[in-house]
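**Student:** Residue numbers (my numbering), protein chains in the order written: chain A, 1 to 322; chain B, 1 to 441; chain C, 1 to 183.
Don't take each hint at face value.
Listed below are several chain C residues computed to face chain A (Cβ distance under 10 Å; list not exhaustive) [as the list claims (entries may be wrong)]:
no.	residue
1	Glu47
2	Glu50
3	Asp54
4	Gln62
5	Thr72
6	Leu73
7	Tyr74
8	Ser89
9	Ser90
10	Ala116
11	Asp123
12	Gly125
13	Arg129
Among the chain B residues that face chain A by a calculated CB cut under 8 Å, a handful are [unchecked claim]:
no.	residue
14	Ser162
15	Gly163
16	Leu164
17	Gly197
18	Gly204
19	His313
20	Glu318
21	Glu320
22	Asp384
Okay, the calculated beta carbon distance ranges per label pair [unchecked claim]:
no.	chain 1	residue 1	chain 2	residue 2	range
23	A	Gly235	B	Arg18	31 to 37 Å
24	A	Gly252	B	Arg251	55 to 61 Å
25	A	Gly8	B	Pro368	57 to 63 Å
26	B	Arg18	A	Glu91	41 to 47 Å
27	B	Arg246	A	Thr250	50 to 56 Å
28	A	Gly267	B	Ala287	38 to 44 Å
29	C	Ala163	A	Gly282	27 to 33 Å
30	A	Asp95	B	Glu269	50 to 56 Å
31	B	Met222	A	Asn79	52 to 58 Å
32	B	Glu140	A	Gly8	43 to 49 Å
Simulated from the structure, these hints should not be mistaken for laboratory data.
All C-beta atoms in this analysis are idealised placements derived from N, C-alpha and C, irrespective of residue type, glycine included.
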Amino acid sequence: MTATVKFGKDLTGLEGLSVEQIATVLDVAEPFKEISERPIKKVPVLRGKTIVNLFYEPSTRTRVSFEFAEKRLSADTVNISGAGSSIVKGESLVDTARNLEAMRIDMVVIRHGSSGASQFLAERIPSNVINAGDGQHEHPTQGLLDMLTMRDQLGTLAGKKVCIVGDILHSRVARSNIWGLGKMGAELAVCGPPTLIPHGIEEMGVRVLKRIEEAIEWADVLNVLRLQLERMKAGYIPSLREYNRFFGLTVGKLEKAARDILILHPGPMNRGVEIDSQVADGPHSVILQQVTNGVAIRMAVLYLLAGGSPERAEAAKGGRRT
Amino acid sequence: MSRPIVLRGGRVIDPSCRRDERLDVLLIDGRVAELGRDLPAPDGGEDIDVAGLVVAPGLVDLHVHLREPGDEHKETITSGARAAVAGGFTSICAMPNTRPPIDDPAAVGFVRAEGERAGYARVYPVGAVSIGLKGEEMTEIGELVAAGAIAVTDDGRPVWDSGLARRTMEYTRAFDIPFFSHSEDLGLSGAGVMYEGSVSTALGLRGIPNAAEDVAVARECMIAELTGGQLHVLHVSTRGSVEVIRAAKARGVWVSAEVTPHHLALTDEAVRGYRTEAKMNPPLRSAADVQAVRDALVAGVIDCIATDHAPHHYEDKEREFDDAPFGVIGLETALGVSMRELVVGGRLDLIELIDRLSTRPARIARLPAGTLVEGSPADVVVIDPDERWVCDASRFLSLSRNTPFAGEELVGRVVMTLVGGRVVYDRRDDRKAAREGVEVT
Amino acid sequence: MQSQSNYIVMDERAVRRAIARMAREIVERNAGTAGLVLVGIHRRGVELAELLADEITKVEGQKIPLGTLDITLYRDDLSVIGPRPVIASSDIPQHIEGRSVVIVDDVCYTGRTVRAAMDHLADFGRPARIFLCVLVDRGGRELPIQPDFVGRHFDLTPAEDVAVLVPAEDGQLGVELRRTEPD
């Protein structure tokens, strides 16, 4: 039996995970991919567990991915979304947490607009808390599925050059990628308009590339971020047209690449803004594979966190495997 | 009047006359009557042994928020004035950003009267610069001063209109009061919630750059130079501000500045874990900024320490970092934090620290405080300079608990505080009560 | 302190004899090799299933479809023992609908593994018949499950344990009795 890598109660970010923990999640995700290919896409491992998907921000993609993962593991799930639910409306997060706890749930998957919200919740309830994106902080399962997709294609992450392109300042995906890929030994860069590059990013072990042409020349992988259209209104960029011309990933720019570059995008895409359709649908794009891997990664995370406390695992060692 | 009191055998430290010697202090009729060796016991008076302790002029805080009227669940004038004396402060200046704000003479009178009625620290109202703190129309500053205001400010917000700032610094000259400036460029601080740097980037929290303060302090200094008015810069927190103030002072601009104990002690690292008790404005900055404000305080570029005591209710801080209000309390920890950060490391002698906590702030606001020379008000603090104690927020006299120092060891503790010759705080009472309690059971 | 002494109770020849016998029993019970599928349970059951299939092929001249099952996700004790990070994929070769599936494992003890394996198989289809074949039956069942084909029975004391050794995992073929004794 391989030594068991222990996990904490929660997954609030990749910053706090060890190399071994990240490797374990990626490894465990592999067999979960196969389950989704079966005629009966369901295993009973989380039977009887109750999971609440608490989404303060709208997100069809991440919520559906989590929901599939939960259902394929046979958990009972409830969705609470910000719009139109009384539990969220006008109630403080701490009160919502207490209410959920009173309903005897096992896990909470939380998406929230404020950085730190998942940690806030995790510190106040005994259930497992999984961060599905908190403000501009982290989106750990997205980071993990990005890494799994890169590893599928490249065989390893160590030594690979990954450049994250676009609105780094407001991106939780960027932060989770930076923490996770950095731990796994990838070389990292970011590229985008200087107004959207956060202060002190170099201290996270990241180089800053000024032009996308430099990024294309340098990188093995480009992870292209979604440009929130409200950034234009807030004055970070003058226009979408200009953004596409100078920072968008277009066929014309990509053709100049000396070698094949893997293209990722966390979705949903603004075609013609940060990425051209020919690139998104082109041979080097693994954007749909990211979506497939997303379910497997979330199954792996749910499975690993649901496994009970390390103490109980320790206590159970006395009993024999049947 | 209160009974005469002799404080016997203490080490009297009085920066106003550079005195640091073992003397008895006689307090009669609310005044310091006599200092000397082996003073006779006063008739019908109290003889208090303070041997081994420091006797200093009561501390003066130019910057506290008392929340009354409007948010009495966070702090009242009475609870704040009581917390003040527990922290050794005998004079405190109450900021006008209450609900409603202190922008008319009646409101000023209310704060002053409530302070007197409470009978703890002396409470000096600071009036608003603009009506409703809106930054548009100037208040009746003359009337506010006549009612008891000792300065004006829109603290909590900057006076963003440079024209209004100019007229304020001109007009206040007629009444010999300082303009207290909350120096912040709102366009640069934006929606920021903490210092902009690697920690804010890692936490995904919006940053406030140093330039937001630097630019505004520079503007205030230029306007002070233009007008000849008295400028006092509140809560200086950046190395850039320090340089601007240093240069302005060198040019002869009438400017003074304060720094808070938390900006002397903590960096943005304290925010990690999304600790809302480390959320304040200006934010906790980098280690280089902490070093700069410490050096500036030692060198006299920054004149004094003020707490920016900003009480918030537990529930207001128990929430997402973005949504939690700015501010921390400081009255009951200011001395212990300042001594730990400045005296223990030898940066300041005790007399220099008392100077920055009492004598200098009193001079900036022209308060009758900060001295123990014969004839001055009998506002006295008795300090055990060697006591190390752990900050326990649950024992604060303030109604709020939002301190970033909970659980930390602080150095130097208030033993007794007297205002107008009357003991308004005596920690030995607590201990005596505790002892008697043990005997009863 | 405790010490453990190990004894080989079935050597390679004994194991091979048992497998040869069970192979014949399986073919006999199934009345030939028609519709027969062997499914080994990760990890040692997989290797035993391969040995059985080779044996059947040798005797009957027919190739027998082989599958593997990892029952980790079908266990009923996740919250008791914690997650097991090493999960292998299950690989069932073809439709098992209407076929005779022989579940192969090394040791039959409480029966919970077998229950999980049957749950797992059901997700791939509805076999006509499921048999259970184990090299060692050590008793101690907690569920009403009995093997159809057994290499050898062992009656164990509480201080004893039995382990099947296979070449890929342990470098040899055999069965080992492990006795824990107080010093």
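**Student:** Now, for every hint given, state plainly whether the structure supports it.
**Tutor:** Hint check results:
Contact between Glu47(C) and chain A, as hinted, is not supported at the beta carbon level, the nearest pair being about 16 Å apart and thus beyond 10 Å. The closest approach between the C-beta of Glu50(C) and any C-beta of chain A is roughly 21 Å, which is over the 10 Å cut-off, so the hint fails. Here the hint on Asp54(C) is broken, as its CB sits about 26 Å from the closest CB of chain A, past 10 Å. Because the closest C-beta pair between Gln62(C) and chain A is about 27 Å apart, greater than 10 Å, the hint is violated.
Given hint, Thr72(C) at the interface with chain A, holds; its Cβ is 8 Å from that chain's nearest Cβ, closer than 10 Å. For Leu73(C), the suggested interface contact is upheld, since its CB lies about 4 Å from the closest CB of chain A, less than 10 Å. This hint holds: Tyr74(C) has a C-beta 6 Å from the nearest C-beta of chain A, less than the 10 Å allowed. Here the hint on Ser89(C) is kept, as its CB sits about 5 Å from the closest CB of chain A, short of 10 Å.
Against a cut-off of 10 Å between C-beta atoms, the interface hint on Ser90(C) holds, since the closest Cβ of chain A lies about 7 Å away. Among the interface hints, the one on Ala116(C) holds; its C-beta lies about 9 Å from the nearest C-beta in chain A, closer than the 10 Å criterion. Given hint, Asp123(C) at the interface with chain A, holds; its Cβ is 4 Å from that chain's nearest Cβ, closer than 10 Å. Because the beta carbon of Gly125(C) sits about 8 Å from the nearest beta carbon in chain A, less than 10 Å, this interface hint is met.
A hinted interface residue such as Arg129(C) counts as satisfied when its beta carbon comes closer than 10 Å to some beta carbon of chain A; here the least separation is about 20 Å, so the hint is violated. At a threshold of 8 Å, the smallest CB-CB gap from Ser162(B) to chain A is about 23 Å, leaving the interface hint violated. The interface hint given for Gly163(B) is violated, since its Cβ lies 25 Å from the closest Cβ of chain A, which is over the 8 Å cut-off. Contact between Leu164(B) and chain A, as hinted, is not supported at the beta carbon level, the nearest pair being about 26 Å apart and thus beyond 8 Å.
The criterion of a C-beta within 8 Å of any C-beta in chain A is met by Gly197(B), whose closest approach is roughly 5 Å, and the hint holds. A cut of 8 Å between beta carbons decides the hint on Gly204(B): the least distance to chain A is about 3 Å, and the hint holds. Evaluation of the His313(B) hint against chain A yields a violated restraint, the C-beta minimum of about 12 Å exceeding 8 Å. Checking Glu318(B) against chain A by beta carbon gives a least distance of about 6 Å; that is within 8 Å, so the hint holds.
Interface hint at Glu320(B): satisfied, since its Cβ lies 4 Å from the closest Cβ of chain A, which is below the 8 Å cut-off. With a least beta-carbon distance of about 37 Å to chain A, the hint placing Asp384(B) at the interface is violated under the 8 Å criterion. Between Gly235(A) and Arg18(B) the beta carbons are some 55 Å apart, a value that contradicts the proposed interval 31 to 37 Å. Between Gly252(A) and Arg251(B) the CB atoms are about 57 Å apart, so this pair conforms to the stated range of 55 to 61 Å.
Remark: the range hint 57 to 63 Å for Gly8(A) to Pro368(B) is upheld by a beta-carbon distance near 58 Å. For the pair Arg18(B) and Glu91(A), the supplied restraint of 41 to 47 Å is violated, since their beta-carbon distance comes to about 59 Å. At roughly 52 Å, the beta-carbon separation of Arg246(B) and Thr250(A) lies within the given 50 to 56 Å, and the hint holds. Evaluation of the 38 to 44 Å hint for Gly267(A) and Ala287(B) yields a pass: the beta carbon distance comes to about 40 Å.
As the Cβ distance of Ala163(C) to Gly282(A) is approximately 54 Å, the hint placing it in 27 to 33 Å is violated. Look at Asp95(A) against Glu269(B): about 30 Å separates their beta carbons, and that is not inside 50 to 56 Å. Hint check: Met222(B) to Asn79(A), Cβ distance near 57 Å, so the stated range 52 to 58 Å holds. The hinted window of 43 to 49 Å between Glu140(B) and Gly8(A) is violated, with their beta carbons roughly 60 Å apart.
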